Every structure is written in structure tokens, then in C-alpha cells.
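Participant: According to the numbering used here, the sequence shown is numbered sequentially starting from 3.
Among the hints, a few may not be true.
[What the hints assert, rightly or not] For lysine-lysine, the following PhoX-like pairs were computed, each having C-alpha atoms within a straight-line distance of at most 20 Å: (1) K412 to K423; (2) K210 to K364; (3) K183 to K147; (4) K535 to K503; (5) K412 to K422; (6) K464 to K503; (7) K538 to K503.
Just so you know, these hints were derived from the structure itself, not from any lab.
Owing to the predicted nature of the structure, the values given are computational and were not obtained by experimental measurement.
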Amino acid sequence: MNDLGFKAACIALHLAIAASAYAVAGDFEKPPEKEDIDSIFQEGFTKSLERLESIFVLHHKPTSIGSSLNSATENFTAWLDIWRWCKIFSTSGEWDSDALLDQDLARELMSDPVISRMFFSTICGQDSVPQTLKTLGSIRAAHPKKWREYASLAIAIAVVNDTPVPPSWPHHQVNPQLVPKIVLPVEQQFSRWVTANEARQLLLDPRKLSPLQLKFVVDAFVTEDELMWARKNVRLTRATFERAYFQISYSRDRLHAQKYNWDAGAYTLGAIRKQGGICVDQAYYAAIAGKALGLPTLFFTGQGSDGGHAWFGYMRSDDRWVIDCGRYSQQNFTVGEALDPQTWQPISDHELELLAAHFRDKPEFTASMNTLAVAEILENVGESQRAGQAFEKAVQLCPKNPEAWLAVGKFLERSGSPTKKRIALHEQAVTQFANQADLKVFHQQALANIYQEMGDTSSLKKIEQLILSQNRLKRSDLSVGMAASQLSNLLEEGNIPEAEKLFRRQIHSLGQTGGGNFYYDIAEPYIRVLIAKGNKSEARRNIALVRRKLATDSGGILGASLDELEVSAK
Numbered sequence: 003m004n005d006l007g008f009k010a011a012c013i014a015l016h017l018a019i020a021a022s023a024y025a026v027a028g029d030f031e032k033p034p035e036k037e038d039i040d041s042i043f044q045e046g047f048t049k050s051l052e053r054l055e056s057i058f059v060l061h062h063k064p065t066s067i068g069s070s071l072n073s074a075t076e077n078f079t080a081w082l083d084i085w086r087w088c089k090i091f092s093t094s095g096e097w098d099s100d101a102l103l104d105q106d107l108a109r110e111l112m113s114d115p116v117i118s119r120m121f122f123s124t125i126c127g128q129d130s131v132p133q134t135l136k137t138l139g140s141i142r143a144a145h146p147k148k149w150r151e152y153a154s155l156a157i158a159i160a161v162v163n164d165t166p167v168p169p170s171w172p173h174h175q176v177n178p179q180l181v182p183k184i185v186l187p188v189e190q191q192f193s194r195w196v197t198a199n200e201a202r203q204l205l206l207d208p209r210k211l212s213p214l215q216l217k218f219v220v221d222a223f224v225t226e227d228e229l230m231w232a233r234k235n236v237r238l239t240r241a242t243f244e245r246a247y248f249q250i251s252y253s254r255d256r257l258h259a260q261k262y263n264w265d266a267g268a269y270t271l272g273a274i275r276k277q278g279g280i281c282v283d284q285a286y287y288a289a290i291a292g293k294a295l296g297l298p299t300l301f302f303t304g305q306g307s308d309g310g311h312a313w314f315g316y317m318r319s320d321d322r323w324v325i326d327c328g329r330y331s332q333q334n335f336t337v338g339e340a341l342d343p344q345t346w347q348p349i350s351d352h353e354l355e356l357l358a359a360h361f362r363d364k365p366e367f368t369a370s371m372n373t374l375a376v377a378e379i380l381e382n383v384g385e386s387q388r389a390g391q392a393f394e395k396a397v398q399l400c401p402k403n404p405e406a407w408l409a410v411g412k413f414l415e416r417s418g419s420p421t422k423k424r425i426a427l428h429e430q431a432v433t434q435f436a437n438q439a440d441l442k443v444f445h446q447q448a449l450a451n452i453y454q455e456m457g458d459t460s461s462l463k464k465i466e467q468l469i470l471s472q473n474r475l476k477r478s479d480l481s482v483g484m485a486a487s488q489l490s491n492l493l494e495e496g497n498i499p500e501a502e503k504l505f506r507r508q509i510h511s512l513g514q515t516g517g518g519n520f521y522y523d524i525a526e527p528y529i530r531v532l533i534a535k536g537n538k539s540e541a542r543r544n545i546a547l548v549r550r551k552l553a554t555d556s557g558g559i560l561g562a563s564l565d566e567l568e569v570s571a572k
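Between the sequences and the hints, there should be enough to build the whole structure, so can you do that?
Facilitator: What follows is the structure, given as C-alpha cells:
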């Protein structure tokens, strides 16, 4: 036996001994019992984590899909959730002192498979797990009789409040000091929604919503007076709630005067209703009013053919989001951007589609995520070949799971897999996500990065051109993003002649559909470089060209931006 074989045999023997010492003995067909939980707390999370992993390593077979070890059965998922808790709790000694682990909470969470599944279906990589658990502990301590009944609400509050609310909330066109903003202690946030629900003031019962839905309700960081005003004065049903946007009369005087920021005193819902406003005020009003009534809502902004615009979306039914309320059809608003309150990062359109479809509740998604977890375990113990098989199986189990494709891509990169294999993966992903432009472009960009690493300039130019051409009409924001990246590189290099060629190509290709995205990401940066270099006559010629191609309204936002740029070019 060579050294490698001897080492493998030793590992296998060690794992077998560890597994046999564990209470469950690898029987994942049975649910975790109280005795199993007790043994974990007696033995400690770190040792329990190691022993659970030993069992998974010994018994996992990627070809046995459908067995208890690899299916989406509740019991196997419950055991993996136990492993997930052990993984989290084993690091609690490293947490900040103000987020120390509550042992009673830990035991209750680990003992409840429903709440565990709810938690792990919600948590994401950007969340601060210690902070979310601290929030759950605070809510549990303040509301011991209600927190389990409203567990989804508690989890939603926890994942939204683990990161500070951005200072610019709710948007950048109002002085934050005018907003009746308040971030209550988490236990008070919990009680305000429970009280409203039990007083029948909400259109939807939060107990029937998931945390992933409720996070778009609990991010209403306004005073109780604001919420009560909306409940009293916004008398719309769930089916007709898009009309809330049009309860605010549009102030064309502000638009023509280029007064894009609110200057009418306190930014309350009542004041907006009385004074009227522009699109950003209409969207804010509708979004906050919807949240006040228990409706998940989103505040969108986007660039149209004549500049910025704002609208809102809401969950009209349990399986359908309407995301274009107030979005004007005559404008080429290729895509809107909303912030996910869980991360305060933009939420993509495919994430909304998956949310509406209850994608994370589907058994194939659970099976895929379970297999990813086992793949992680296998990789951690050095079983690279088996880990690779498990990662690939996660994609096979649920090809629509973008997290599985991402995990495989990262594994192939970490493990130094052949370039051909990495290229093949991303090409398959491009085919899989052919109808989801942002995911498709993500994997096309991954291909571009690989070609750049290889020095394959021909393939690199080809894939970049594909991104530009395939998204020019329906998702010009993605085409603009690629062109803007190319332009930025040329400007940084000081290659003005090539930058000019790129600008000329793109204004003819994207000028009519790119709107504000094209202007702010391509035209303005290029023209400002010309101005800085003293080539003001060329800058003025390009400004005139942009006006013609974008067909801007002299009283619109883009028209005003061009006017300002033209002054700089004189």
C-alpha cells in the first residue's frame, strides 16, 4: 500500500470510529430525538459537528438520490439543519460579547425543525448570524408567548435589523431630517406588527407569510403615526392596491422648475397626499402605505429614455408580484432596481421571480441545497473527488438553482480544475438561464474572465460583443454595463482614440434604448474626460449628438443634465 492509500485508510478508520460513537449511528430516516439534542449539548458543538460530518462522509453516495441521505425528506433535512446549527454554535466563542449565545434559545431552535427550516431558508451569506440570533433572543425574552406563533415575523425582523438602515433611507431626494423615520428596538418592532394583526388592521396575516416575504413589510422604518394614518386613509384592497401610486397628484411645476428634492416640510404620507409630488414621492407613498397594511412592497428606481423614474411593486397574490405599478409604458425602463432590506443591496428580477414562485419551498431546491451542504463537508475533509461529484449533483437535482451553479463554479476554481471544464460549466449555465438575462450575463462575464486569464483575446471580444448585442433592446442596462466597463478601461489607459471609437459605436447601438443608463455610464464620463483635456469643441459636438440620439425633453431630467454638461464645455 502506498502512502496515499495508507493515509486514506487511516482517515476512513478514524471516521468509522467517530461515527459509531454517535447516538444516531447514521440513521437519518428517523427524525432527531430529544436524546440526540441532549447529547449534543452535553458533548459540545464542536465535537458533535465533527461526528455528524463523519457520518455524512461515510454514508453519502451521490448515485443514491432518493434515499434518506440524499433526498429532500424532512428527516434528512432536519439532520442537516442540526449540523448547520452545530456549525454556527461551535463558533460562538468568537462572537462579540454583546452577542453571546443564549443556550436556551439555541436548544429551542435546534429542537424545532419547522423554525430551523424557516431560519436556514432565509439566512444569506451577508447576514450577521450572531446579530440575528441576538435579535431572536431579545424578541423571545420580551414575548415568550407570541414569538413561536409569529416566528416568521421574528426571523424577518432579525435579518433586516442585523445591518444598519442606510442613512439615505428612504431615498436621496429628501432631506433625512424631514422623514418621520424611527428604528424601534426589535422587540417593539415585533409587538407593533403583532398588535396590528390581532386588531385586524392588516390585509395579510403575518403568520401565513414567510420571512422572505415579511422582510418587505417590516422595513417600514417610520413612526406609528405614519402607519396608523395609512391604515385609516388608504382604503384599497390587495387586488387594487396599485392605485395607491396615483393617489398622489403629479407636480409638473416641480419637474419644470427642476426641483427634484422635496422641500415642502415634514415628509409625511399626509403631506405628500396634500401637496402632491413627483414620481419618487408617489412610489414612496405607495410602498410605505402598503407595508403599513401588511402588504410586502418594493420601491423601484430606474433609468428611462428621458432620465430617472421611480415606481413600486407589491405582492398582489401569494404567488404573484406586480412590479410595474406607476412604471410608464412609453418610457424604455429596461429594468428597475430595488433594495433588498435584508442586505440593503439591489435585488435582481430573477430573485423576485423565484420569491413569487415559492422556489425555496420546493423539494428539488431543498435537495439541491442539502447536497451542496454535503459537498462542503466532503471538501472540508479532503474528499475532493467526492465533493466534486456532490457539487455537480446539486445542479442536476435543481438546474434552476443559481446558488448551485455558483457553488460549482467556485469549487472548480478552488480545486484548480482544467480550464475546459470551467468553460463548459459556464456555457451550460448560459444555456440554462437563457431567459434570465442577469444570470446569463453573470456566467457570460465569468467566461470573459476565463478567456482573459488565458490571453484568448478573440474569444474575449466575441463574448463581450454577445453581451452587448443580446441585451441591446430588452435589457440595455446590461449592454450599457459591459460597454461602460470597456470605456472605463480605455479612459484609465488614456487611450482616447479607442474610447472615441467605442463611444461612437455605442451611441448608434444603444443611444435610443439605453436612456439614462447610457448617458450617465457612457456619454457623460467620456465627455467630461474631453472637457478635462481641454477638447471642449469635441465635447460640445458630442453633447449635440447625444441630444439627437436620446431625443431628450428639454424640461426633463436628462435634458437638464445635458444643459449642465454643456455649460461645463463652454
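Participant: Straight-line Cα separation of K464 and K503 no greater than 20 Å?
Facilitator: holds, 17 Å
Participant: Between K210 and K364, is the straight-line Cα distance small enough, at 20 Å or below?
Facilitator: holds, 17 Å
Participant: Just to be careful, I want the Cα atoms of K535 and K503 compared with a cutoff of 20 Å; is the pair within it?
Facilitator: holds, 17 Å
Participant: Within 20 Å, alpha carbon to alpha carbon, are K412 and K422?
Facilitator: This hinted pair holds, its Cα atoms lying about 15 Å apart.
Participant: Does K503 sit within 20 Å of K538, going by the straight-line distance between their CA atoms?
Facilitator: At roughly 18 Å apart (the allowed maximum being 20 Å), K503 and K538 satisfy the hint.
Participant: Holds or violated: K183 with K147, Cα cutoff 20 Å?
Facilitator: violated, 29 Å
Participant: Has the given pair, K412 with K423, been kept, meaning a C-alpha gap of at most 20 Å?
Facilitator: It holds: about 12 Å lies between the C-alpha atoms, which stays within 20 Å.
The structure is inconsistent with hint 3 alone, although it conforms to all the rest.
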